[in-house]
Structures are given as C-alpha cells and as structure tokens.
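J.: Spelled out, the chains give:
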Amino acid sequence: MRDVITVAHLTLVEARRRRIVLAGAVCALAFLLVFSVAVVLAYREMAADKSVSFVERQGTLTAIKLVGFMAANFLSVIFAILLPVDTLSGEIDSGVVQTLASKPIDRAQIVLGKWAGHLLLALAYVLVLSTGILVVIGVVGGLPPTGVTHALPLLMLEVTLSLTIAMAGGARFSTVTNAITAVGFYGIAFIGGFVEQIGGFAGITSMRTIGILVSLVSPADAMWRLAAHYMEPEIARSTGMLAFGASVPSPLMVWWAVGFTMLVLLYAIRAFRRRAL
Amino acid sequence: MIETHGLRKLFGPTVAVSDLSLQVGEGEIFGFLGPNGAGKTTAIKMLLALIEPTSGTGRVLNAPLGDRASRARIGFLPEHFRFHETLTAIELLRFHGRLYGLRGAPLEARIPRLLSRVDLLEAADRPLRGYSKGMLQRVGLAQALLNDPRLVFLDEPTSGLDPLGRLLVRSIIDELRADGVTVFLNSHLLGEVEATCDRVVFVKRGRIAGERRLSAPAELVDLELHTGPVGAAILEGLSRFGTNIRQPRPGVIELRIDSEATVPAIVSWLVQQAVPIHAVQPRHQSLEEVFLDVMGDDEGPG
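Protein chains in written order, with the working numbering: chain A, 1 to 277; chain B, 1 to 302.
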C-alpha cells in the first residue's frame, strides 16, 4: 500500500508540475463562468416576463441545470480519458517505467498508484463542476439540489469507469491508439444512450433493447442517464414527464458498472504485468 | 550471483536472445559485449524481470528471475536514463529511495552523498528538464546506487558522457569492486570495458560467442618474426606452433600462438632449420581485436 501511495503522490506532483491541474482548473472556471452568465440572463428574462409562471420558470431552470450537468459530465469524461492516456504507454515508450518496474515493487502497485492519483484529480474535477452548477442554479434561481446524493456518485462512477478504460488501454496500446479506443468506447455508450432514449420516447422496443445491450458493453453513459433521472424534480419523475429519462437504466446497471470497472482495472494490472518493458 | 540456462526471448518471429547461458560470480566486474541488436539489452531486461523469457531459466542473487525481495539489493541504470523531467534530482532520488523501502534520515543523508559522488550537488535543486544528457546519466547512476546494492546492472553507463564523466563512472565501478559489489556492465566502449572488467563475454545473435578473462594475462599472442628468406616448408612447419600463419611480405612471418611460452620453441626450431632470425615481436591481442575476431566477417555495423 505504501508503494501505491508513493506512486500516486508522484502522479499528483507530476500533474501539478505539468500544469494539468492548472489547465483543468481554468477550463472548469471558464465553463462555470459561461454557465453562470447563461443562468443569470435566463433568470432575469423570465423574471421580467409576467407571462412566465413560477412553475414554468422552475421547469426551465431545471432543464438548464440538467443541460449544464450533461455538458459537465461530457467534459469530465473527456478529462478522465485524456488525463491518464499516456501515463503507462508514454512511460513505456520513453523507458521511464523501466527504472520503476525494476524496483522491489509489484507492477500492480504502479498501475494502482497511477490510477489512484489520476482518479483523485478526475473526481475533484467532477466535484468542482457539479458543485459550481448547483451553487449557481441555487443562488440565482433558488433551485434545491434535487437528487444530488444519488446523482453525484453515479457521475463519479462514470468518470472512474472512463479513466480505468484509458488506464487499461495504456497498458496494452500506444498513446494515440489508446486515446482513440477510449474515446470510441465512450462514443459507443453515448450513441447507445441516444438510441435507447429515442426508443423510449417513440415507444420502439427494439431501439430500447439495442440501447440497453450497448450499455452492457459500455455502461458509462447509462450512469449519466440514471444520474439525470435522479436530478429531475420529484413531480416529473412521478408523472413520467422527464426531460432526460424517456428510458431510465435499471439500478442493476450501477452494479454492472462497478463490476465492469473492477474487471477493467484487473485487466489493466494483468496487461501491465505481462507487458515487455 | 547470476546464473542462466538457455534463456531465450522471441518477439513474434524475431529472435532477440536465442540461447543465453552464463554465470557471473560474486564481486565480479562483468562485461557484456556485442554489436547493436545482439540481444544485450533484452538479456539484461530478462535478468531484471522487465521482460519475461520465452524459455530458459535463471537465478539472480540466488533467487528466481523476478523475485521482488532480491530486487531490493539490485541497482539498475538503463540505457538512456530518463525520468519525469519536472522533478529535481533530490526529488527523483527521494522517490526512488521510497520505492526501495528507504525512509527518513537514512534516505535524506544518502541523497546528498550520492549527488556529490556523481558531481551533481550544485544542480540538485534544478528540474531534470534542464539537465544535459551526461547529467541525466549521472543522476541515473546515483539512483542505481541508492539502495547500497549487491549487484548493479549498468546498461551503457558512459553513453553521453564526456571523458571526465567516463572517468567518474570508472572510479565508481572501482569503488564498487572494492566494496565487493558485482557489476554487470553492458557497453560498446571496448576501452572502458578493458579498463574496468574482470571478465567479458561476447554476445552474437543472442548467444554467447566467446569469453575472455581480462584480470589474467592475455592468452592469445600474435607473433611477428623477421627472418631471412623462407620457403613453403618452413611456413608449413610453423603450423605445429600456432595458427593464422601468413607471410605479409618477404622476410616477415606472422602467426598466432596460445602463449608467449611457445616463443623459445619456435625460435629453437627455426635455428635448427637454419633460418636466420633478425627479430621476434610478440603482441597481445587488444579487446577490440578479440571482439572483431569473435564477431567474424559476417557481422556488420548494427
């Protein structure tokens, strides 16, 4: 465990020195700034318009919040994929990892240390964006943080899964191949989610089934859709008038995503252990 | 200290190491020589468990290849040492020291001592990205010695070093020898190897092609005889004393003998044959000549 912490610490130091943390923070702040301006302007316009009722205004603000979360979720997933994309493959190519792996540590500790260090950063990114959205929408629109205790862990799980896939790819492929594979893997989940949603809206069972099958292969986007479902107002959930939930993933999908993440992590360890360095 | 039997490594259809069987004794300064692509680095990586052998067995520090506990007593300087360039030399050594299980005061005391030994104390707080290639090799050497190793693998340690840097590496190897540390040295610089190693083996196409003990007097001697005119019968008669007999020009005979002890017998025989002898010049083979002999004409530059 001590070696995992040592490697994780190096990963964090490296991320800070390479200005990855700074770049992430600047992008997060820029996103929140744009989001804040949009929310303030939308709220002012709605408040000035006497024909917009309180319920309509809250409904619109909820939709803006969910769109904000959707964008934040997308950014977080991309951040989580790009962050570790070269951490193994790059260090294998440059030979840096030879000095590490020849030390009296298990290669699994190198993978776990790097995974933990990057995961801390990725989760912090999700947390900052999510908190920012909730604060803006709460302060400006007075909207309560509905379902956040359920939604935030799901968003974190999605990010964890995406990051783990990028780690595993790095143990097996070159950096560019890994990036293409990891983004493609998320893209499959994304399109599968759309297919499932459209199937849900249109009542086409086969489309829903395809979407669910795709989610089983790549469960990342299902976590977002479940999180969005939890963040919808109670009244929308009870009446089925959902903005992001025409087809809500089963809670069992969460367990599958957890198991999937663990399997991918185990694969990353196995692949790195077998890799010629 | 190191013992391998038939180590073999294939990368797809390519044979990197075909059959490596060697033994390295405790405290020995061992040279591992061969042209580019001979499989030297792959062999070192197998011994360090960075690469899994396709077949064959080996033991390092009396433990099977890859044993974690034994790696705590091994130091390794890879060819072209590189590490995270945002770290300073002190941070790099602290990090590697922790991976060796070192902590606190013993580690903190050892870091400046090592940096001073590799002449990097003044640059200790600078990020590695500002280091020259030679400085990187030297900080890499310091990390290889962090754990007071019993066995050190040095893969081209003088690569990128200027003459002063090479001298420094040589003096460190001498210190390791004095401390009884075994050094496994992979180098292209035959002069360096000749000056530091007790024994060398020559690797050709992934297998041991020859061996030479440098700490003992050289075995093969090239003999040049300046004589009066000789016929074919004399040249043929000399074949009982040595090999590679030739007459590059009239009055000069060259041959290779096993030992200088053979010289009086040759001279005596020539006198008996009434051949006038003007000069006898024995010349020991340099490591480079041995290397070229072992590699043969079929081996081109790598």
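A few of these clues could be false.
Unchecked claim - Simulated crosslink set (SDA-like; lysine to any residue; CA at most 25 Å straight-line):
1. B/LYS133 x A/TYR267
2. B/LYS133 x A/ASP93
3. B/LYS204 x B/SER70
4. B/LYS133 x A/GLY199
5. B/LYS133 x A/VAL67
6. B/LYS204 x B/SER18
7. B/LYS204 x B/GLY228
8. B/LYS133 x A/TRP256
9. B/LYS133 x A/GLU14
10. B/LYS204 x A/ARG18
11. B/LYS204 x B/THR14
12. B/LYS204 x A/LEU277
13. B/LYS133 x A/SER94
As the list claims (entries may be wrong) - Pulled a few chain B residues facing chain A out of the computed Cβ check, cut under 7 Å:
14. ILE51
15. SER55
16. ARG71
17. ARG82
18. PHE83
19. THR86
20. ILE90
21. ARG94
22. ARG98
23. LEU99
24. LEU102
25. GLY104
26. ALA105
27. TRP269
Because the hints were derived from the structure by calculation, they are not lab data.
Note that the Cβ used here is the ideal one computed from N, Cα and C, for glycine as well.
J.: Could you run down the list of hints and mark each one as holding or not?
T.: Hints versus structure:
no. : hint                : in the structure
1   : B/LYS133 x A/TYR267 : violated (36 Å)
2   : B/LYS133 x A/ASP93  : holds (18 Å)
3   : B/LYS204 x B/SER70  : violated (29 Å)
4   : B/LYS133 x A/GLY199 : violated (60 Å)
5   : B/LYS133 x A/VAL67  : violated (51 Å)
6   : B/LYS204 x B/SER18  : holds (10 Å)
7   : B/LYS204 x B/GLY228 : violated (41 Å)
8   : B/LYS133 x A/TRP256 : violated (49 Å)
9   : B/LYS133 x A/GLU14  : holds (21 Å)
10  : B/LYS204 x A/ARG18  : violated (43 Å)
11  : B/LYS204 x B/THR14  : holds (15 Å)
12  : B/LYS204 x A/LEU277 : holds (22 Å)
13  : B/LYS133 x A/SER94  : holds (14 Å)
14  : ILE51               : holds (4 Å)
15  : SER55               : violated (15 Å)
16  : ARG71               : holds (4 Å)
17  : ARG82               : holds (5 Å)
18  : PHE83               : holds (6 Å)
19  : THR86               : holds (3 Å)
20  : ILE90               : violated (13 Å)
21  : ARG94               : violated (10 Å)
22  : ARG98               : holds (5 Å)
23  : LEU99               : holds (4 Å)
24  : LEU102              : violated (11 Å)
25  : GLY104              : violated (13 Å)
26  : ALA105              : violated (17 Å)
27  : TRP269              : violated (57 Å)
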